[in-house]
Amino acid sequence: MANHNISRRTLLTGTAAAGALSLTGLPARAEVNWKKYAGTKLEVILAKGPRGDNLQKNIKEFTELTGIQVESEQIPEQQQRQKVVIELTSGRPSFDVVHLSYHVQKRQFEKAGWLADMTPFMKDPTLTAPDLVESDFSAAGLQYAKNDKGQMLSLPWSVDYFILYYNKELFQKKGVAVPKTLDEMVAAAEKLTDAKDGTYGFVGRGLRNANMTLWTNFFLNYGGEFLDAKGNILTDGPEAVAATKLYQTLLTKVAPPGVAGFNWMESMASFTQGRSAMWIDGVGWAPPLEDPAASRVVGKVGYTVVPAGPKGQYSATYGDGIGIAAASKNKGAAYLLCQWVVSKKQGARLLQAGGGVPFRNSILNDAEVQSGVKMPKEWLQSVIDSAKISKLGLPVIIPVAEFRDLVGAAVTSTLAGTDPATELKKAHDQFRPILERSEKA
Amino acid sequence: MSALTQSTPAAARSDAAPERELRPPSYWPFVVPALVVVLAIIIFPWVFTIWMSMNEWKVGSPTTFVGLSNYLRLTNDPRFLEAVGHTLVYTVLSVVLPLVLGTLSAVVFHQKFAGRGFLRGVFIMPMMATPVAIALVWTMMFHPQLGVLNYLLSLVGIPAQLWVFHPATVIPSLVLVETWQWTPLVMLIVLGGLAAIPTEPYESAQIDGASFWQVFRFITLPLIMPFLFIAGMIRMIDAVKSFDIIFAITQGGPGSASETINIYLYSVAFTYYDLGYGSAIAVVFFLLIVLLAAVMLYARQRMVWTEIARGA
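So the protein sequences, as listed, match chains R and D. Numbering of the first sequence is given in my numbering, commencing with residue 1 and proceeding in unit increments. Numbering of the second sequence is given in my numbering, commencing with residue 1 and proceeding in unit increments.
Hint data in this document are derived by calculation from the structure and do not stem from the laboratory. Incorrect hints may have been included.
What the hints assert, rightly or not - Simulated restraints, written as ranges between beta carbons of each label pair: (1) D:A195 - R:K57: 25 to 35 angstroms; (2) D:F243 - R:K48: 13 to 23 angstroms; (3) D:I289 - R:Q273: 23 to 33 angstroms; (4) D:F243 - R:K57: 31 to 41 angstroms.
To be verified - In silico contact screen, one side only, chain R against chain D (beta carbon under 7 angstroms); selected entries: (5) V85; (6) T89; (7) G91; (8) R208; (9) P257; (10) G258; (11) S270; (12) R275; (13) N361; (14) S362; (15) G417.
Said to hold, decoys possible - Under the rule of at most 30 angstroms between Cα atoms (straight-line distance), these lysine-lysine pairs were calculated in the DSSO-like manner: (16) R:K374 - R:K111; (17) R:K345 - R:K311; (18) R:K426 - D:K241; (19) D:K241 - R:K48; (20) R:K391 - R:K329; (21) R:K35 - R:K245; (22) R:K329 - R:K60; (23) D:K112 - R:K83; (24) R:K180 - R:K377.
We put the beta carbon where it would ideally sit given N, CA and C, even for glycine.
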């Protein structure tokens, strides 16, 4: 009998306990021992940018939670990649935790065995918060983080979708609708181009290497696949030729002069000055576009997914992750840090500031997190929509840099009027032996 | 205790005697530190680079000895051959232009006029700036839509140019930056040369009624020639290995239109992590520099001899 009578006191205690639990977000059974590695000191190497800033800004919270001291340094991306590779090759890296670019380094890191397997840690309930499960990461993220054997070699941190930025004011002035397909986009760009006035319909990366991240959006939407089942490269096939023709048309007919030498910086300058009506690039540029100190198009920018091609609609996807150096002596502590880096709290901060997009669906689809996003709602929608059509934007091979340089140079050279098929063939004649050599080694 | 004190001077004496016999002490211990340093930081890296160039040496993979095949690969590598061409064009332009402009400005700054010291100071300022910082500023100035250069051209009615954003104009545009930065160096060297020239030849030329051009061609130029050679040599070495300006402005683009050997070497070694092949490029590049320097030294020797012969 007494069992059925709930006293005021027990009720209060129960509610308080439940409240506390919901605050930590942990069910009663799993007790993560955050303090297990208290007193450990970790070294982290980061690529410079909003992700690194977000980590460094809030690292005190991690130290309070775990008692682990963290030393971190941010280095500009290109230099960071070199430093990391050189140190890992030496076998005695100066860091425990490493920030890596999946689209450039995935294969290289896997093949060299530089990263520690996180799978056992993820299965350990005393080390892993129950909300951190593999299935929460998007498909692209898992594709990046896992090797052939299904081991998690890193935690997917931030994803970069390519989206279409457009200038609403220019669209309105010319009475042009937002394009849904690539063909519509070309037509719209032609209408929006007014060379005498100095405004152009489209802008995007023309510079060799950098341009590949734009080009692959077209390639994927024309039905292209990077590799066949045997690992042969396919980027000189008919889909590639069609994509290059589109690229050539856009960048020679409706883009500002000199676009062959533009990277994202010059493209962004042209877009923020209101000189170009459309720009396809990574999703992370919303903050500068909406910054009154840097942009003349604040509040006038539309955000949408990359228009569909004849063979589908994809958003070329790139991303970075955080992993543990296989040579590290503090793998447990390092794992706790990686987990914290991709935690809901940190991911929400990243998304809300527009500094990156977490790979975790539970963060991206959380209404509360969404309501805190400082960027325009359209931007967030374009991110959510892109996630549904995301596809890896570069072939997963070791010589990614050579691929981007050689094929990128071929694609750039078509802007001077050369034939896409011939240029692509020439580039692949050079690239195939390099690919073979690297896969054999 | 007393035995000890007594024996010490005796021992010292007996030590001193053989020392005198060993004289003269050899000097080689004094050379050892320098030798070690040279071996460690010059000879060893070079031997090691040559060794690496004979291996298939990729970061993250085991290395295998492949003999000269990296060098053979160079001969079939269109990117490398193009890069050699770009390097030569870039070098010739960025040696000749600063030499000509530097000499002219030295002649101007050699004249006495009001505010000369101040203007000389202003003139050499580009030399003091950091190349990468300069490069970033120039990149924005080159921007075809937003850059100040096209605005300036538009003021005098010249159509907008594409500068570093077009394959045909990228190298001349980069040379423009290089020239802007390094003309002052040539000016300083030549100015030193001009200050050392005696005034008598000029006075007699004036009496003989020589024109300004004749004075420059037959008196000034031959007398400052040794200085020009030094300036040319310094410029050539700098221009051949120029990296910062090109990398910061174009990274070798558009396409590969401004990819010099240095930029390509950097890509191969540090972006593709192909250290073996990169080392082979470095070795060939080094030989090229040695060759160019030898040609210049030879030309200088010859010039000295013909002048002496002419004088005699």
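Proposed proximity, R:K377 with R:K180 (alpha carbon, max 30 angstroms): Cα-Cα ~19 angstroms, so holds.
Chain D contact restraint on R:S270 - CB to CB distance below 7 angstroms: Check passed: Cβ of R:S270 comes within 6 angstroms of chain D, closer than 7 angstroms.
Distance restraint hint 25 to 35 angstroms, applied to the beta-carbon atoms of D:A195 and R:K57: violated (58 angstroms)
D:F243 paired with R:K48, Cβ distance criterion 13 to 23 angstroms: holds (21 angstroms)
D:I289 versus R:Q273 beta-carbon gap, inside 23 to 33 angstroms or not: The hint (23 to 33 angstroms, Cβ to Cβ) is violated, given that D:I289 and R:Q273 are roughly 43 angstroms apart.
Straight-line alpha-carbon gap R:K374 to R:K111, limit 30 angstroms: violated (40 angstroms)
Chain D contact restraint on R:S362 - CB to CB distance below 7 angstroms: R:S362 check fails; min Cβ-Cβ to chain D is 35 angstroms, beyond 7 angstroms.
Supplied contact hint for R:G91, tested at 7 angstroms Cβ to chain D: Violated. Min distance 11 angstroms.
Given hint R:P257 near chain D, where the shortest CB pair must fall under 7 angstroms: holds (5 angstroms)
R:R208 as an interface hint toward chain D, with CB separation required under 7 angstroms: holds (5 angstroms)
Restraint status (C-alpha distance of R:K345 to R:K311 at most 30 angstroms): Not satisfied, since the Cα-Cα distance of roughly 38 angstroms exceeds 30 angstroms.
Cβ separation of D:F243 and R:K57, checked against the hinted range 31 to 41 angstroms: holds (35 angstroms)
Going through the hint list in order, the structure does not satisfy hints 1, 3, 7, 13, 14, 15, 16, 17, 20, 21 and 23.
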